[in-house]
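FYI, the numbering for the sequence shown is 1 to 315, going by the UniProt record's numbering.
In short, the hints are calculated from the structure, not lab data. Do not take every clue at face value.
The calculated BS3-like cross-link candidates involving lysine-lysine, where the alpha carbons are at most 30 Å apart (straight line), are [said to hold, decoys possible]:
{"id": "1", "residue 1": "K310", "residue 2": "K256"}
{"id": "2", "residue 1": "K186", "residue 2": "K235"}
{"id": "3", "residue 1": "K186", "residue 2": "K86"}
{"id": "4", "residue 1": "K86", "residue 2": "K179"}
{"id": "5", "residue 1": "K235", "residue 2": "K179"}
{"id": "6", "residue 1": "K235", "residue 2": "K86"}
Label-pair ranges, simulated between beta-carbon atoms [said to hold, decoys possible]:
{"id": "7", "residue 1": "P209", "residue 2": "Q157", "range": "41 to 47 Å"}
{"id": "8", "residue 1": "R153", "residue 2": "Q41", "range": "45 to 51 Å"}
{"id": "9", "residue 1": "A8", "residue 2": "D146", "range": "26 to 32 Å"}
{"id": "10", "residue 1": "Q10", "residue 2": "A68", "range": "22 to 28 Å"}
{"id": "11", "residue 1": "L307", "residue 2": "A272", "range": "16 to 22 Å"}
{"id": "12", "residue 1": "E49", "residue 2": "D223", "range": "32 to 38 Å"}
{"id": "13", "residue 1": "I247", "residue 2": "G290", "range": "48 to 54 Å"}
{"id": "14", "residue 1": "F238", "residue 2": "G85", "range": "22 to 28 Å"}
{"id": "15", "residue 1": "G313", "residue 2": "E142", "range": "52 to 58 Å"}
Remember, it's a predicted structure, so these values are computed and weren't measured experimentally. In this text, a Cβ means the ideal position worked out from N, Cα and C, and glycines have one as well.
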Amino acid sequence: MIRTYSLAQQTIHELADDALDERLWQATWIDAQEPSESERQALAPFLAEELPGSTDVEEIESSARYFADADGLHVHSLFLTRNEGKHQNTTVAFILQPQRLLSLREEDLADFRLLRLRARRGQIEAGSPQELMVTIFEQKVENLADSVEDMHRDLEQVSHQVLEVEDSDLEDAIDRLAKVEDSVGKIRLCLMDTQRSLHFLLRHLRRHPELQEQAREVLQDVDALMSHNTFLSDKVNFLMDTTQGFINIQQNQIIKIFSIAAVVFLPPTMIASIYGMNFDVMPELHWPLGYPFAIGIMILSGISPYLYFKHRGWL
1 MIRTYSLAQQ
11 TIHELADDAL
21 DERLWQATWI
31 DAQEPSESER
41 QALAPFLAEE
51 LPGSTDVEEI
61 ESSARYFADA
71 DGLHVHSLFL
81 TRNEGKHQNT
91 TVAFILQPQR
101 LLSLREEDLA
111 DFRLLRLRAR
121 RGQIEAGSPQ
131 ELMVTIFEQK
141 VENLADSVED
151 MHRDLEQVSH
161 QVLEVEDSDL
171 EDAIDRLAKV
181 EDSVGKIRLC
191 LMDTQRSLHF
201 LLRHLRRHPE
211 LQEQAREVLQ
221 DVDALMSHNT
231 FLSDKVNFLM
241 DTTQGFINIQ
251 QNQIIKIFSI
261 AAVVFLPPTM
271 IASIYGMNFD
281 VMPELHWPLG
291 YPFAIGIMIL
301 SGISPYLYFK
311 HRGWL
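Using the sequences and the hints, build the whole thing.
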C-alpha cells in the first residue's frame, strides 16, 4: 500500500483522489507499507537505485542504516510497536530527497496512523521534506514518552503488589516485572537509535539552521527520556531483587517450621524407641506406672523445646 501526501500552505495533506502515478509525482511524502511488486516499479523513477528490500532495511551496521548516496539521505530507524501486549521494534527506512521524502515499512505502526490522522485534520506543519522528516521524529519521541509513562504506571502497580499487599502472588509479580523489563529494554533501544538518527540528520542539515535547532530540542527530549528509562530499569531490578527476597523468606519460613517440628518430635521419638526395644531386663516393663511415666516423659520432652523456641522468639 502506498499513501501520498503533499505540502500546501505549510501543512501536509493526503492525496487520495488521483491515480497512483499522478499522486506520486505530486507527492512531497510517499509512505509505502509492504509495497507490492507493481508499486515498487511505480516508485522506481524516483530512485537511482533499487528500492531497499526488507533484508537491507534490517541491517544493524551504522554504515548500512545511515548513509547518503545518489538517491538522497538514508535513515533506517527503529519504531516501537505493540503486538499482543508485547513491545517490539520494527525498522522504517527513510529516503530524504530535496523534493520529497520516501518511507518504507513492513507494518502498520501507531506513529504513522497518528500522522495520517493529524494530516487529515491539517495539524502537521511542514514547509519542506526536511522539516517533515524532523517532525516525524518529534512525534516519534512524543509517543515514546507516552510509552515510558505507561511503563512507570505498570511499575507502580507491581510495586504496590510486592511491597504493600499481604500474601500477594509473588510469582505473578515476577512475571509482570519480566514483561516490563523487556518493554523498558525495547524502549531504550528505540531511544538510542533515535539519538543516532537525529545526530546523522544534524550533520546533513547545516543549510537549515532552524531545523537543526528543532532537532536539538528533540535530542534534549530523548536525553530526558533516557534518564527516566534508566530510572525505570533500576526500579525493575530493585523490585525483582525484593520479590525474590520475599520468596526466599517465605521458603525459609516453611523450612524453619519443618526444622522446629523435627526438633520438637525428636526427643519423644527417642524415648518411644527406647521403650520399644525387646530386652529381657527392662525394669519399667512390669512397673504399673511405667506406661503413664513414658507418655509423660515424651510429652514433657516435646513441650520443652517448643517453649524454649517460643521464649527465644523463633516462633
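Hint-by-hint comparison with the structure:
Of the pairs offered as hints, the one joining K310 and K256 holds, with about 13 Å between alpha carbons and a cut-off of 30 Å not exceeded. Between the alpha carbons of K186 and K235 the distance comes to roughly 16 Å, so the proposed pair stays at or under 30 Å and holds. Between the alpha carbons of K186 and K86 the distance comes to roughly 10 Å, so the proposed pair stays at or under 30 Å and holds. Taken as a hint, the K86 and K179 pair is honoured in the structure, with Cα atoms around 8 Å apart against an allowance of 30 Å.
The straight-line distance between the Cα atoms of K235 and K179 is roughly 14 Å, inside the 30 Å bound, and the hint therefore holds. For the given pair, K235 sits about 20 Å from K86 by alpha-carbon distance, which is consistent with the 30 Å threshold. Distance hint for P209 and Q157: a CB-CB separation of about 45 Å, consistent with the stated range 41 to 47 Å. For the pair R153 and Q41, the beta carbons lie near 47 Å from each other, so the given range of 45 to 51 Å is met.
Between A8 and D146 the CB atoms are about 29 Å apart, so this pair conforms to the stated range of 26 to 32 Å. Between Q10 and A68 the beta carbon distance is about 27 Å. The supplied range of 22 to 28 Å therefore holds. Restraint check, L307 to A272: a C-beta distance of roughly 21 Å satisfies the suggested window 16 to 22 Å. At roughly 35 Å, the beta carbons of E49 and D223 sit within the given window of 32 to 38 Å.
A hinted range of 48 to 54 Å holds for the C-beta pair I247 and G290, which are about 49 Å apart. Separated by about 24 Å at the C-beta atoms, F238 and G85 satisfy the suggested range of 22 to 28 Å. With their beta carbons about 56 Å apart, G313 and E142 fall inside the hinted range of 52 to 58 Å.
The structure agrees with every numbered hint stated previously.
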